[in-house]
Structure formats: C-alpha cells, structure tokens
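Asks: Given chain A, put chain B in place with the hints provided.
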Amino acid sequence: MCGVCGCSEGETRIEEHHHPKEPEAPSVDVLRGDSEDNARLVKVEQDILSKNNGIAAHNRAHFANAGVLALNLVSSPGAGKTTLLVETLNTLQQDLPCAVIEGDQETSNDADRIRDTGAPALQVNTGRGCHLDADMIHQAFHKLPLRDGVLFIENVGNLVCPAGFDLGEAHKVVIASVTEGEDKPLKYPNMFAASSLMLVSKVDLLPHLDFDVDTLIANARRVNPGIAVIPVSARTGEGMERWRQWLDGARAMVAATR
Amino acid sequence: MHEMALCQGMLELIDVQRQKDGFERVRRIIVEVGALGHVDPHALRFAFDVSAADTVAANAELDIREIPGRGWCMDCSREIAVEKRGDGCPHCGSFTLIMQQGEELRLKELEVV
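Chains as they are written, first to last, in the working numbering: chain A, 1 to 258; chain B, 1001 to 1113.
Chain A on its own, in the form it takes in the complex (with noise of 0.2 angstroms):
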C-alpha cells in the first residue's frame, strides 16, 4: 500500500517485508498562546515528501549492498521506453543480469514484453495514481532476485508527478523523442533538471521530420547544464553503443562507492 500518495494498492507483496523506519517525528514546540479560543501555533518544519525519501534513502541502501544499478526511466506517454528498454535487455543481459520494475496505470503489457526477452520483470499499476513512489519499489524489489545488474525502474509515462518523488535510484533518465516538440524540457523543466541523462530516442525518423536535434539539447541545457545527452535508435541501433558505455560508467560508479 503506497501511504504517502493513496495511490490504490499494488499488486506487490513480499513475503519478508522489512519496512523502513519512519522518519523521526518533528518536535513539538508551542510558539504562542491566544488567549480568546487557545489557538496556538504547532512548529512541524518538515518536508510534506518526508516519508517517501525516508524510504528512498532505505532503497538506495538496498541497491548498494547488492550492488545494483538502479535508473528510473521517465518520459511522457509513448516516447519508446520499453522499446527502447527491450533492445537494451537483448544485449545488456548477456553480460550481467538485469531486471525491471514496470508502472502503469494499468496492464501489465509492458512487463509482458519485457519478459519476452528472459529478463525478470514486475508490473506495479499504480490505478489512480500518477507515479511510482519508494515504497513501492521498495516492495517490489524485495521480489526481484537481483544481485550485482542493473535495475531499470519505468516509472509511468508522465514528465511531471514523477519529477517529485525519489525512488532511491542512482539516476534519472529522462527519454524525449524526436517526434515530440524541441520544447519539452522548456515546457516540463523540473523532469529535465532532475535527469542525469537525456536519451533522445526515435531518431531513426529524423529524415521525415522538422525536429531540430542542437534545439532540444540547447533547451535541456537551460535548466539543467550538466545533463548527458546521447541520441539513440532502438529500431538502427543507432546510439546503443554510447548507451552502453554510460550504464558501464554508471555501474563503475556503483562498484567504487560500495
């Protein structure tokens, strides 16, 4: 059960379930009486996301001690994701295990294909709600036999809600294709600051399209100057290779902080 965002309950379940500890409570501390109806003011200076970094920074410890990987894919709705996570497990897998933790709102297509390719996946739908949250990759990943891979979480297809809300990943990687607006990361900033890298997918089909490639990153430079940027093709293979690289280089770094 997602507490933190009453999201309906998820399909997940593990059989021994160790749960995080609770963020300490905030001290209480009466700042001033009013004497007509004794209203007073409570001090809470806490962060409303408490409770999910509380268990986000319980994954990420998870992920170290198993020396996992773990990357949380966002995009919007239908920039080729799990294509693009299938043909990476086609090759990937060969040489170290890998998983995926799949959310939608609904189905479990996507996890249906990504078992397809002998990889270990789960589908968490989230039903009303609009994102994956720590807890549930917390559960989920207890299910999940994974031991020195890469966890590839794809979170719903939504470039705002799931901006918030750490998941105890090493990384975001933000997946924008060409056959959206050069605009994206101008129109949802927040998504794109979070990123660490910006996978720019579908570029297969650039001869047929008006879509400037230098306009996309100049605008995911804006807010945030540091973001990686490698333009990729599941259907050429185009990319791949690179891809490839920084999941090496994203593992080394696991492997020298463990």
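No lab work stands behind these hints: they were computed from the structure.
Below, simulated BS3-like cross-link-like pairs (lysine-lysine); rule was C-alpha separation at most 30 angstroms, straight line:
#1 A:187 / B:1084
#2 B:1108 / A:43
#3 B:1108 / B:1084
#4 B:1020 / B:1108
#5 A:43 / B:1020
Where chain B lies over chain A, by a calculated footprint (3+ residues, C-beta under 8 angstroms):
#6 153-164
#7 179-190
The model shown is predicted, which means the values in this text are computed figures rather than measured ones. Note that CB positions come from ideal geometry on N, CA and C, so glycine has one too.
Replies: Leaving out everything else, chain B in the frame of chain A:
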C-alpha cells in the same frame, strides 16, 4: 494530480503531530512551496479540500507561502533571482546556474485548537 499524494503526506504529518500534541482541530496550515518546484498551489488547495474532509484538518485554511527561486550564476559569480526554470542569468544571460532556493515543499506550522 500528484497534489493528492502530497496532501496525503501532509495529513500523515499532521496526524503524527496530533498524537504528540493532542490538539483537537487544525485551523490553519502554513506550507512553504518553492516557485521552481513541481507543485501548483491552486491544485494543492483543491486537493487539500478534498483530502482533508473528515479529518482533524477539515475546513482548515491552507496558508501557502511561495518561496522565490534563487540561484548562483557560475559565469558572473553572483546570486540571482530565478523566476522560472530555463531563464538565464538576468545579468549575463548564462544558463550555467546552480539553484539554491525555490524547490521547497515544507509543512512549516499548524495553527491548532
């Protein structure tokens, strides 16, 4: 509509506070929301009215205080005001900025009886 989720988080924090403090009702909730964050104050108010019904915070006033965006321009080495993400430095136009303030989402205080 992740504002619903945020309201749920807020109500949980209020509940923890109520267990410690023993107040009966919340009259006003003071929340700090960063201008560069992902929260729309209008949606937050709407979601709060719906979420808080039948809780100790029902009908409470949501007192939202916007925290303006501030950053550091790496090119002209000074603190600047950032109205929205994607805006350049008002002095030199650079986008190489480090955000320092404006992403807050904080339950500050409760006025309770």
